[in-house]
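My request is simple: use the sequences and hints to build the entire structure.
Take the position in the first sequence, starting the count at 1, then add 25; the result is the number in the numbering used here.
These aren't lab readings, by the way, just hints derived from the structure by calculation. In this text the structure is predicted, and so the values were computed from the model without any measurement. Heads up, none of these hints are tricks.
Distance ranges between label pairs, derived from CB positions:
no. : residue 1 : residue 2 : range
1   : Ala86     : Gln286    : 48 to 54 Å
2   : Arg63     : Gly182    : 48 to 54 Å
3   : Pro251    : Glu41     : 23 to 29 Å
Below, in silico cross-link-like pairs of lysine to aspartate or glutamate (DMTMM-like), each with a Cα-Cα straight-line distance of 25 Å or less:
no. : residue 1 : residue 2
4   : Lys383    : Asp319
5   : Lys227    : Asp331
6   : Lys212    : Asp223
7   : Lys68     : Asp116
8   : Lys124    : Glu41
9   : Lys257    : Glu117
10  : Lys194    : Asp319
11  : Lys257    : Asp244
12  : Lys366    : Glu117
13  : Lys152    : Glu344
14  : Lys189    : Glu447
15  : Lys366    : Glu330
16  : Lys366    : Asp241
Backbone N, C-alpha and C fix where the C-beta goes; we use that ideal spot for every residue, glycine too.
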Amino acid sequence: MLDIRYVRENADRVKEFSKQKNYQVDVDRVLELDESRRELQQKADELRTERNSIAEAMKQAGGNPDQASIERGRVLKTDISEVEERLRVVDEEFFTLFKKIPNIPADDVPVGATEDENVLSKTVGDKPQFGFAPRNHYEIADQRGWIDKERASKVAGARFAYIKGDLVKLQFAIIQFVMNTLSDEAKLKEIADGAGLDVDLKPFTPILPPLMIRTDLYDAMDRLEPRDDRYKIEDEDLWLQGSAEHVLGSMHADEIFDAKQLPLRYVGYATSFRREAGTYGKDMEGILRMHQFDKLEMESFTTGEDGLKEHLLFVAIQEHLVRTLGLPYQVLQKCTADIGKPNARGIDIETWLPGQDKYRETHTADYMTDYQARRLKTRVRRESGELELVHTNDATAFALGRIMIAIIENGQDEAGNVTVPEALRPYLGGRETL
RNA sequence: GGAGAGGUGGCCGAGUGGUUGAAGGCGCACGCUUGGAAAGCGUGUGUACCAGCAAUGGUACCGCAGGUUCGAAUCCUGUUCUCUCCGCCA
26 MLDIRYVREN ADRVKEFSKQ KNYQVDVDRV LELDESRREL QQKADELRTE RNSIAEAMKQ
86 AGGNPDQASI ERGRVLKTDI SEVEERLRVV DEEFFTLFKK IPNIPADDVP VGATEDENVL
146 SKTVGDKPQF GFAPRNHYEI ADQRGWIDKE RASKVAGARF AYIKGDLVKL QFAIIQFVMN
206 TLSDEAKLKE IADGAGLDVD LKPFTPILPP LMIRTDLYDA MDRLEPRDDR YKIEDEDLWL
266 QGSAEHVLGS MHADEIFDAK QLPLRYVGYA TSFRREAGTY GKDMEGILRM HQFDKLEMES
326 FTTGEDGLKE HLLFVAIQEH LVRTLGLPYQ VLQKCTADIG KPNARGIDIE TWLPGQDKYR
386 ETHTADYMTD YQARRLKTRV RRESGELELV HTNDATAFAL GRIMIAIIEN GQDEAGNVTV
446 PEALRPYLGG RETL
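In structure tokens form, the structure reads like this:
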């Protein structure tokens, strides 16, 4: 959520940015409602002031009954509840509309109407050359007995899979590799230096979060909508999370950090759930798009002035991870229409998939400024004693399914063996191929 | 699932329907003291919204939502979460 004071003073900019991000919001109506809720609030305050002073006078009088005051008190009571009811109605409409206003994009976010207008900012690594027609991950996995979707379909339906054998070992190797990298200060220094970033080197704390989240916190994270893409737990006020971001970012709701505690960095491992509504028939082969997938996700809380640097650090970490696995990739600066509603800035990394002869999205980095923190009420007390909202960043470390697809397709040979990236070998008993 | 206990400020912990935004303690900040520190002493120390240049003032908040009352942290109802015991269970 934005700061309403900002909207009052910059209505035209807010309208313009909302349009650039493809969100239709009636900003004028929001301001109208803002005005009337303040009027009603003031009215309610005045009535309560009178009620309180009557009660005070009554108290001074030793609690003796005074008919006039009692009468007046009764009238005030109904007046107050009447004003409160009007306020409640206005508030409801106000917040419903106000929540729809997206975050303001950072200055350097390219303006674009669709994801086709994302800007390619760099391409890294050489695509592997094969002396044969490279196959896609599913063909290889099928041959190797790594993925069983037929039985998964019997048990759970479409977009589920049993991951089996060496592919499971590979997943756990990747997890170890990431956890070790991100909790190592020396590694972070190497990454930050490589990207020319002067940042705090505090390591990430590994986290295994809950996979369910309450409605109010999900909404405060601005990740509940569209609900069609979420799984609701029947008879409970709970949803399955769609990304560790959702349960990590909401972790410190209603908390006030001491400035010294920041930056606070987490790397969470979580199985994520998505209904993939509206993608029927898309990416049905293999495990590229599943209802359930495992993901390593970074999340951090910083001061406002460190937020952008943190975002850049996250992207540098993502690049480091992909590069260290020897995978070719490209970095895209997402345009206004694609960064997402709570985002001020967003970067995608697409990794080369020879089997599809395409780069496909494997990573996203989101910089939310204080947009999420405002509703979560996650704040920091500065040295001066001032309270400020924190800035939140989240970014994929690895979406395990997708990165394993990339490893399989880039590392394949004609026989269906897969070369293990060197960085992962220590976690696979030194094996060079799977 | 059954039974019971309890949610008060950064933390612990008082609280008889009105002098309680909230005792007391801890913590923290500043000052005094000291060669320096500790101890000791003193002062201060919640959040949000509204008005105001500011000082400040008003309102709300004692898990949450209702209700009773001139007046609710305190009484009533519902609800939620935590803890303990039993049951079940990895």
